[in-house]
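The listed protein sequences derive, respectively, from chains A and B.
Add 29 to a position in the first sequence, counting from 1, and you land on the number used in this note's numbering.
Add 1 to a position in the second sequence, counting from 1, and you land on the number used in this note's numbering.
Because the hints were derived from the structure by calculation, they are not lab data.
Be careful, since some hints might not be right.
To be verified - Below, a list of computed lysine-lysine pairs in the DSS-like style, where the Cα atoms sit at most 30 Å apart: (1) B:LYS57 / B:LYS43; (2) A:LYS109 / B:LYS43; (3) B:LYS43 / A:LYS108; (4) B:LYS72 / B:LYS57; (5) B:LYS69 / B:LYS57.
What the hints assert, rightly or not - So these bits of chain A aren't anywhere near chain B, every CB distance computed over 10 Å: (6) GLN42; (7) GLY56; (8) GLY72; (9) TYR78; (10) GLU88; (11) ALA95; (12) PRO133.
As the list claims (entries may be wrong) - Some but not every residue of chain B turned toward chain A, in silico, with C-beta under 7 Å: (13) SER27; (14) ALA30; (15) GLY107; (16) GLY109.
Small disclaimer: the values here were computed from a predicted structure and weren't measured.
The C-beta atom is built at its ideal place from N, Cα and C for all residues, glycine as well.
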Amino acid sequence: SQTIHQWPATLVQPVGSPLSLECTVEGTSNPNLYWYRQAAGRGLQLLFYSVGIGQISSEVPQNLSASRPQDRQFILSSKKLLLSDSGFYLCACTDRVGEQFFGPGTRLTVL
Amino acid sequence: GESVGLHLPTLSVQEGDNSIINCAYSNSASDYFIWYKQESGKGPQFIIDIRSNMDKRQGQRVTVLLNKTVKHLSLQIAATQPGDSAVYFCAEPRVGSGSARQLTFGSGTQLTVLP
């Protein structure tokens, strides 16, 4: 079965600083990969998804970008963080059956 | 627009009692739903799913019921335990470009198990 790794687990960054969150997947090949953001006490909002290397689809306009340099690597980035970028960021992948699995998440606080 | 996962925000139950968590959706064409459990500070964990050709599906201590007539589904947890305390989401996948299955989540229900 697949395993999703995310790092860092927690991050505190000043406004205006850059961001790079990494997600890697083990135990599957050619997965669909997803980045979600979850605000405190809220549901998950889909930010980006990718069906293959170099293929990124954005769900909502925002201050963030995503890249997929390798089949099982998905990166979430920002050039300049905003206060509103604070949240819990979750990486997910879909297996061959279509079931979606989530990583442990990264808690980002922008001060 | 279409929505899914209209939950009551909180539910408190006594340990050992059964829990029922409800979810409503608006898209009558929806044909597949998933329930997730999210413990504090962790990612959501798949619990059980159900397709629209079924009205009931059972797992270990959990049962999901789907009522397509009123566009409602529920998650029942038998003999609720302290470890069941978490936020529960129902989610509906939709297929985006390529074969990407995107999940639409509601805000979830916080289940608290009382001793």
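Okay, the hints, checked on the actual structure:
1. B:LYS57 / B:LYS43: With a Cα-Cα distance of about 28 Å, the restraint between LYS57 (chain B) and LYS43 (chain B) holds, given a limit of 30 Å.
2. A:LYS109 / B:LYS43: 26 Å, holds
3. B:LYS43 / A:LYS108: 26 Å, holds
4. B:LYS72 / B:LYS57: 14 Å, holds
5. B:LYS69 / B:LYS57: This hinted pair holds, its Cα atoms lying about 11 Å apart.
6. GLN42: 19 Å, holds
7. GLY56: 15 Å, holds
8. GLY72: 4 Å, violated
9. TYR78: 5 Å, violated
10. GLU88: 7 Å, violated
11. ALA95: 13 Å, holds
12. PRO133: 5 Å, violated
13. SER27: Check failed: Cβ of SER27 (chain B) comes no nearer than 15 Å to chain A, outside 7 Å.
14. ALA30: 17 Å, violated
15. GLY107: 5 Å, holds
16. GLY109: Interface hint status for GLY109 (chain B): holds (6 Å vs cutoff 7 Å).
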